[in-house]
Amino acid sequence: MVKQTIQIFARVKPTVRKQQQGIYSIDEDEKLTPSLEIILPRDLADGFVNNKRESYRFKFQRIFDQDAKQETIFENIAKPVAERIMHLTWRPDVTTGAIREHSQEALCGHKG
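1 is the number of the first residue of the sequence shown in the UniProt record's numbering; add one for each residue after it.
In case anyone wonders, no lab produced these hints; they're calculated from the structure. Since the model is a prediction, treat every value here as computed from it, not as a measurement. Using N, Cα and C, we set each Cβ at its ideal position, and we do this for glycine too. Take the hints with a grain of salt, since some may be wrong.
[As the list claims (entries may be wrong)] Here are the in silico distance ranges between beta carbons for each label pair:
id, residue 1, residue 2, range
1, M86, F58, 20 to 26 Å
2, Q70, I6, 18 to 24 Å
3, K3, N51, 38 to 44 Å
Model the full structure from these sequences, guided by the hints.
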C-alpha cells in the first residue's frame with residue numbers, strides 16, 4: 001500500500017463583516033510550497049500596548065483565491081479523493097470479504 005501525506009488546501013473567501021479587514025498575500029513560488037500570509041494590523045488608537053503578532057504565514061499544497069469557482073475546487077480536491085476511494089473500494093485484491101462488504105455499505109448506504 002502506498003503511504004501518502006495529508007494534503008492541506010486553502011480557499012480565501014471574502015468576509016461579510018464590516019469590521020476592519022485583514023490583508024493577505026499568496027506566495028506561489030514554483031520552487032517552494034505555496035504560502036498564505038495574513039496581516040492583521042494592530043489598532044494603535046486603543047492607547048494600550050498590544051504585543052500580538054501582526055503577520056501569520058501558513059503553507060498549503062494549493063491556495064485558491066477569492067475568485068476561484070466551486071467547480072475548480074471540486075475538480076482539484078474532491079474529485080481526485082472520490083476517485084481514489086472508488087478505485088480502492090472495488091479492487092478485489094485490496095478489499096475482500098467482510099471488509100469489502102462494509103466498504104460498500106459505507107459508500108452506498110446499504111449492504112453490498
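Do the hints match the structure? See the list:
{"no.": "1", "hint": "M86 to F58: 20 to 26 Å", "result": "violated (31 Å)"}
{"no.": "2", "hint": "Q70 to I6: 18 to 24 Å", "result": "holds (22 Å)"}
{"no.": "3", "hint": "K3 to N51: 38 to 44 Å", "result": "holds (41 Å)"}
This entry does not satisfy hint 1, going by the numbered hints stated previously; all others are met.
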